[in-house]
Amino acid sequence: MRHISLFIVLISWFFVRPVHAADKTFIIFNNTYKGAISLDVSGDYPCLTHSLLEEWGVRKEIVSRLTWNAAGCLTRKSATQFNFKFWYSKSAGLLTLLFPKITIIPQQNGVVTSRWDDGINAFFTNYRVDLDHLNTKSQWDTPGNDASLNLDSGLNVGAWRLRYQNTFWHEQTGDQGSYTRSYSLWRSIQSMRSRFTLGDGTTSAAMFDALSFRGISLASNQAMFPDRWRPSSPWINGYAHTDAEVTIHQNGLRVYRIHVPAGSFSIKDFYPPDPQGDLEITIQEDDGTEKTRIIPWSVMPNLTGENIVSYELVAGRFQPYTGNDSDKDRFLQSTFSWGAGPGLTLYAGGQQGENYVSQVVGLGKDLYALGALSVDLSAARYRQKGENNSGTVWRLRYSKAFLTTQTHLNAQLQAWPHGSRYRTMEEKIDRADSLRYGWDDDTVRRAVRGQFEVNQNFSEDSTLSLSWDWTRSRMRHGSRQSLTLDVDTRFNDMDISIYAGRERDLDNPTESVFGFSVSIPFSMGNQTANIGYLADLSSRDKNTNGINLYGAAMDDYNLIYDVTAKHVIHGDDELEATTGYQYNSGEANFGLTRNSTQSIYHADVSGSILLHSGGLTFGKQLGDTAALVRVPHIAGVSFYNQFGTKTNDDGDLLVSYMTPWRVNTLTVDSSELPDNLHLQNDELEVVPTDGAIVERSFLAQ
Numbered sequence: 001m002r003h004i005s006l007f008i009v010l011i012s013w014f015f016v017r018p019v020h021a022a023d024k025t026f027i028i029f030n031n032t033y034k035g036a037i038s039l040d041v042s043g044d045y046p047c048l049t050h051s052l053l054e055e056w057g058v059r060k061e062i063v064s065r066l067t068w069n070a071a072g073c074l075t076r077k078s079a080t081q082f083n084f085k086f087w088y089s090k091s092a093g094l095l096t097l098l099f100p101k102i103t104i105i106p107q108q109n110g111v112v113t114s115r116w117d118d119g120i121n122a123f124f125t126n127y128r129v130d131l132d133h134l135n136t137k138s139q140w141d142t143p144g145n146d147a148s149l150n151l152d153s154g155l156n157v158g159a160w161r162l163r164y165q166n167t168f169w170h171e172q173t174g175d176q177g178s179y180t181r182s183y184s185l186w187r188s189i190q191s192m193r194s195r196f197t198l199g200d201g202t203t204s205a206a207m208f209d210a211l212s213f214r215g216i217s218l219a220s221n222q223a224m225f226p227d228r229w230r231p232s233s234p235w236i237n238g239y240a241h242t243d244a245e246v247t248i249h250q251n252g253l254r255v256y257r258i259h260v261p262a263g264s265f266s267i268k269d270f271y272p273p274d275p276q277g278d279l280e281i282t283i284q285e286d287d288g289t290e291k292t293r294i295i296p297w298s299v300m301p302n303l304t305g306e307n308i309v310s311y312e313l314v315a316g317r318f319q320p321y322t323g324n325d326s327d328k329d330r331f332l333q334s335t336f337s338w339g340a341g342p343g344l345t346l347y348a349g350g351q352q353g354e355n356y357v358s359q360v361v362g363l364g365k366d367l368y369a370l371g372a373l374s375v376d377l378s379a380a381r382y383r384q385k386g387e388n389n390s391g392t393v394w395r396l397r398y399s400k401a402f403l404t405t406q407t408h409l410n411a412q413l414q415a416w417p418h419g420s421r422y423r424t425m426e427e428k429i430d431r432a433d434s435l436r437y438g439w440d441d442d443t444v445r446r447a448v449r450g451q452f453e454v455n456q457n458f459s460e461d462s463t464l465s466l467s468w469d470w471t472r473s474r475m476r477h478g479s480r481q482s483l484t485l486d487v488d489t490r491f492n493d494m495d496i497s498i499y500a501g502r503e504r505d506l507d508n509p510t511e512s513v514f515g516f517s518v519s520i521p522f523s524m525g526n527q528t529a530n531i532g533y534l535a536d537l538s539s540r541d542k543n544t545n546g547i548n549l550y551g552a553a554m555d556d557y558n559l560i561y562d563v564t565a566k567h568v569i570h571g572d573d574e575l576e577a578t579t580g581y582q583y584n585s586g587e588a589n590f591g592l593t594r595n596s597t598q599s600i601y602h603a604d605v606s607g608s609i610l611l612h613s614g615g616l617t618f619g620k621q622l623g624d625t626a627a628l629v630r631v632p633h634i635a636g637v638s639f640y641n642q643f644g645t646k647t648n649d650d651g652d653l654l655v656s657y658m659t660p661w662r663v664n665t666l667t668v669d670s671s672e673l674p675d676n677l678h679l680q681n682d683e684l685e686v687v688p689t690d691g692a693i694v695e696r697s698f699l700a701q
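Using full-length UniProt numbering, you'd call the opening residue of the sequence shown number 1 and step up by one each time.
Since the hints were derived computationally from the structure, they do not count as laboratory data. The hints are all genuine.
Capping the alpha-carbon separation at 16 Å, the derived lysine to aspartate or glutamate pairs in EDC-like fashion look like this:
1. K542 <-> E511
2. K328 <-> E426
3. K542 <-> E574
4. K137 <-> D572
5. K24 <-> D44
6. K385 <-> E354
Label-pair distances were calculated between CB atoms; the ranges are:
7. Y533 <-> T667: 35 to 41 Å
8. V375 <-> A577: 49 to 55 Å
9. D572 <-> L131: 21 to 27 Å
10. G525 <-> L185: 51 to 57 Å
11. L575 <-> N166: 32 to 38 Å
12. L185 <-> S51: 28 to 34 Å
13. M494 <-> W68: 57 to 63 Å
14. H241 <-> L131: 36 to 42 Å
15. S670 <-> H567: 47 to 53 Å
16. N543 <-> H241: 32 to 38 Å
17. S670 <-> L94: 25 to 31 Å
None of the values given here were measured: they were computed from a predicted structure. Note that beta-carbon positions come from the ideal geometry of N, C-alpha and C, so glycine has one too.
I would like the entire structure built from these sequences, with the hints used as guidance.
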């Protein structure tokens, strides 16, 4: 393991060596700024290479028909043939290009490497304080107070990122303490389109199950590649009643943002950065009201572009979650995917732990109009409880996006041959915990597992999601299955959601659940609120129904509230009330949950502190990639999609959750500018690298 770790470090440092600066040429391509790059220009004719044209979005089939000179530059003949136009100004160092629209792909949310910005050197801390107080009449509960403080801190120096997360806690029993959740030092290596990590991390789930580890890794970062090199992208339709802000979150991170006018809209230039993880679509109207829906999303994670190699090298120890006493086995893991030809990917990987070895080999095929398919075989050998075990598992995966019908389909089938005692490394570690208590698991009795997921958009505001998961065991009556259905729609001004599910788990009785909710907006003076009805029915639990009132208040919709009264059939009625307030330097929330036996009071305060060359700036919690916006010495300036916050007395504002590797737009809400204030620009673009804190200034005229 020591030699593997040294190899990863050496390879990372080799590619991190600094590149000497050269004269840069500013590029305007089809009226879009593409950054400043080193470019050879001979006789006012630029050397446009194959890779540059691909990065700028020229269609692959067009690039394949172009001709190149001995230096790898586009020939004048090809440029004339395809009507490519150039205007070069040596004095300004500016190259303007105009290519016919038909030669450019419509998906332009791609990589702009020349504009990648590592940001400023800075230290930040995200904090969150939680307080809970319990009043109870039950002899089984202990009244009192609980408190916790969570700190997520980071230091940025150049391209390096140091991250540390820890928690302090105090319980009503008097117990208290602290613990470290994770720490890591990492950086992106742009020339390799990869990320080097030292410390805590999580392996990819592309070939082996994802593992939390503490160690060292070097892995390709798919988000650094152009979107068009990926298999498919979702088309997202929606409807906005007013000028609105549409944001997309995946796995808790904001990954896309766009302003849309009133009416129908369609997003076709977005590709989710993570191959696995549902998409949360939020439409925020100009009156502060929000509408959110979920789109299930997953693709073939092992497909790569032609002649592209994706890899992951990891050496470390398994890192169980805090409080878990599982073994911290050492392990090595390496995976490789290679785009061997048009639409064809070959992949393989190996994993070696303590008394454990596993390999996987497979291939993926882009079937284009028919979708994408992959098949692989995994084998494992391990020794446990004095016995040698081994086994294999076959896996078949299929994915298809039907863009014309707005349908997205994913399916997976796994088969364990008879007699197979295959276990993943984490299953082997978990089994060791079970054996200590004298019982064994039934993992090796699996025979077949099928998973199916489909998402259907019927219109701008109507979606259906269906998922099915079925496992057949070789035990008698040994099958598990779950089926869920989600429907979200809008009728006139009413939002309607329906949920249904059915689950069977071995010897347990089958459970069926059904949920229904409807909400209707109404006016309260200059504000809009929503009132709704909700019901939850269950075959093995108590049925509930209730009334819900929620909305936003104050001029900038800083205050949000939500009150729900529930009636439980043959049970205890319950009242839930929450309110939250957003302000320049953070957010505060208060809540109450009450029934006949207990009352729970909750309060939390969160925010961030940023230390930079200009001093200290306070704000809402920062995502891993953020921006420091400055309107020098001008307070009270608002920005789009930053509800409840304005520039402070120094003219500074922290903007959270920027999308790394892609163009992000910072836009001043000019409608709220003071009458005597005019800015040189009311919109600026940034292209941050992962984990960066970029700085931009809006100067007054």
